[in-house]
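S.K.: One-letter residues, chain by chain:
2 protein chains.
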Amino acid sequence: MTLELYHGGPGANSLKVLLVMEEKKIPFVDHRLNLVKFEQHDPEFVKINPRGQVPVLIHDGRQITESTVICEYLDALYPQVPLRPKDEYWRAQMRIWTKFVDEYFCWCVSTLGWEALGKRFVRDMPEKEFEEYVARVPLHEQKIKWRNARNGFGETVLSEERRKILFSVAKLEHDLGERKWLAGDNYSLADICTYSICFGVPFLYPEAMNDKASPRSMAWLNAVSERPATKAVMATRPPRQ
Amino acid sequence: MTLELYHGGPGANSLKVLLVMEEKKIPFVDHRLNLVKFEQHDPEFVKINPRGQVPVLIHDGRQITESTVICEYLDALYPQVPLRPKDEYWRAQMRIWTKFVDEYFCWCVSTLGWEALGKRFVRDMPEKEFEEYVARVPLHEQKIKWRNARNGFGETVLSEERRKILFSVAKLEHDLGERKWLAGDNYSLADICTYSICFGVPFLYPEAMNDKASPRSMAWLNAVSERPATKAVMATRPPRQ
Chain A
60 MTLELYHGGP
70 GANSLKVLLV
80 MEEKKIPFVD
90 HRLNLVKFEQ
100 HDPEFVKINP
110 RGQVPVLIHD
120 GRQITESTVI
130 CEYLDALYPQ
140 VPLRPKDEYW
150 RAQMRIWTKF
160 VDEYFCWCVS
170 TLGWEALGKR
180 FVRDMPEKEF
190 EEYVARVPLH
200 EQKIKWRNAR
210 NGFGETVLSE
220 ERRKILFSVA
230 KLEHDLGERK
240 WLAGDNYSLA
250 DICTYSICFG
260 VPFLYPEAMN
270 DKASPRSMAW
280 LNAVSERPAT
290 KAVMATRPPR
300 Q
Chain B
60 MTLELYHGGP
70 GANSLKVLLV
80 MEEKKIPFVD
90 HRLNLVKFEQ
100 HDPEFVKINP
110 RGQVPVLIHD
120 GRQITESTVI
130 CEYLDALYPQ
140 VPLRPKDEYW
150 RAQMRIWTKF
160 VDEYFCWCVS
170 TLGWEALGKR
180 FVRDMPEKEF
190 EEYVARVPLH
200 EQKIKWRNAR
210 NGFGETVLSE
220 ERRKILFSVA
230 KLEHDLGERK
240 WLAGDNYSLA
250 DICTYSICFG
260 VPFLYPEAMN
270 DKASPRSMAW
280 LNAVSERPAT
290 KAVMATRPPR
300 Q
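Chains A and B, in that order, are what the protein sequence lines are. What the first sequence shows, in my numbering, is residues 60 to 300, in sequence order. What the second sequence shows, in my numbering, is residues 60 to 300, in sequence order.
Hints are computed from structural coordinates only; laboratory data are not their basis. Treat the hints with care, as some may be off.
A pair holds if it fits inside one copy or across any two, identical chains being indistinguishable in the list.
Once the Cα atoms are required to be at most 27 Å apart in a straight line, the calculated DSS-like pairs of lysine-lysine come out as [as the list claims (entries may be wrong)]:
1) 204 to 223
2) 106 to 239
3) 223 to 84
4) 230 to 202
Use the sequences and the hints to build the structure in full.
M.R.: Take a look at the structure:
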């Protein structure tokens, strides 16, 4: 059996799968793309995933996309270190969290991230170079996002996204007031998927997540960060450019 | 064991769960809300689901929300008539479909639905009555959607939503060209969840889905409609008001 993973290093959706791999000590062929060099839109990679998105898992030649789906797939294949609750009620709660992250939390965090990214990578790019770049982006929605990142999203959008982050952090605080981990007594994909999206929020939007405003979320972030698997994966982050 | 289901009758997200119940012949206590009378926002129901949304499953007092999560939960509890592929690769493909429906397809169909709904139910409602109604809607995003439905979404939004429907139908045509059902050889939650969202598209946006433009999708819609479980559930639809 061969598993190959195309990913963008330890951040966002790629991070989810890298954490699962490391928690379970699954061996895989490592294809790390440099997202800052837009390698996910290289024709070579678009042949693998026409959507031009990471992560992508190739298992004996069969391809699986969508990070959350990949995580459940890996947990089914390697059940020795379980990352899904056995109890179906808690497994459902796990899925409600991963769904909330994918449908809501990740988008507002992502906009603040793209706003910062735009400032660093595309705002000063010459027009011609930027247009050549956008022409290669396969997804319509992603083209629009890159244009917004270049122009700046504007205060109306950004303040709405900040409202959504506050809503999401309040949900974290609520659930962590009732239980140790997001889907019950044990660390699960709910924690992995949520952490992967929000570990940067204390830096991106410090007013929303800090020891005073959201003590439980901060303690939980810290507990995830301190796990040996998380430490090992995060150690592969390149120094900030 | 007691299962109670709060739902809005055979349409959209409630339909997913009703179809699963009927395919598996699961007995449940039936709480049907009249969405046209906005019963999902009654204080009594908001106590059950603070988000004011159906469907909600109560299993021996424990509550599960989110239709797609409920469907997987019921399939785990009642595996005799399996609605998830056994093969984990196909199970992943099933989840990629249900995820696509929840994150993309359902929203564009929903906007066209709300536009039609707005015309029928809230566009001529007296201002005071409408405002009292909106004040009771728990979710911020839903309040905005009701206001848009009342005012009309406008051609810019509607044409973008139509583009998304065409994209989604093309995806259906593609996958149905490669296999009988959306997640392989057997009928699964991928079919149930997608059907529940798009069975009305041939009426709502006939240019996108018809025998000429999308023959495979139409044949597939027909095959799902002809299943005894689907017929039984759809027979409980009230006549169009």
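S.K.: Hints broken by the structure, by number, lowest first?
M.R.: Those not satisfied come down to hint 3.
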